[in-house]
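**Student:** Sequence:
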Amino acid sequence: VRTEFDTVFIQQDVCNGCRDCISACPYGVIGFNSNTGTAQKCTFCYDRLQNNLKPACATACPTQSIKFGPLDELRQTAATRLATLQQQGVSDARIYGDKEYGGLHAFFLLTDKPEAYKLPSTQSAVLPSRNNVPGYLTALVTAVVAGVAGLIAFRRRGEGQPNA
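Heads up: the sequence shown begins at 27 in the working numbering, then just goes up one per residue.
Accuracy of the hints is not assured; some may be wrong.
Unchecked claim - Lysine-lysine pairs mimicking BS3-like chemistry, simulated, CA-CA at most 27 Å apart:
hint : residue 1 : residue 2
1    : K93       : K144
2    : K67       : K125
3    : K80       : K125
4    : K139      : K67
5    : K93       : K80
Note that these hints are calculated values from the structure, not bench results.
Using the sequences plus the hints, can you model the full thing?
**Tutor:** Next up, the structure:
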């Protein structure tokens, strides 16, 4: 379920344990709880967000590496840190997730390629088919052609037969 905070959580009372979401997630963040038989992932402390609090990880992080707040402020902080790293010679440093796949609502300051962190690269990620616009167009055209062919066949069904 996508929340009003643009975070996503799994409804434990609805999950049937099929694991389709686990295989569809390109980030590997969804796991399977064998005790409950359901999928699970971080909820970004949805209960805390509802009470105007930051997620616990952002509050408790001893290095303050985990940030949570207004997106524009986070982008500016990341851009400043990225520039510093690049000036220090970290040539592979990059911001990951801000623009990839239409924006992930979370991003990471990486000092190496995404694959080094077990994140999908934009070249290799296999996204769920709902993101496949050409696939939708092909399905739509096929449905229209099949519908028209069926209508023509139905109208011609009675042609050429003698009237009784």
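**Student:** Between the alpha carbons of K139 and K67, is the straight-line distance 27 Å or under?
**Tutor:** Roughly 24 Å between the alpha carbons, so the hint for K139 and K67 holds.
**Student:** Check the hint pairing K80 with K125 against an upper bound of 27 Å on the C-alpha distance.
**Tutor:** holds, 23 Å
**Student:** Does K67 pair with K125 here, judged by a C-alpha cut-off of 27 Å?
**Tutor:** Given pair K67, K125 holds - Cα atoms ~23 Å apart, limit 27 Å.
**Student:** Checking one constraint from the list: CA of K93 to CA of K144, max 27 Å. Satisfied?
**Tutor:** Since the Cα atoms of K93 and K144 sit roughly 20 Å apart, the hinted pair holds (cutoff 27 Å).
**Student:** For the pair we were handed, K93 and K80, check the Cα-Cα distance against 27 Å.
**Tutor:** holds, 9 Å
No hint from the list above goes unmet by this structure.
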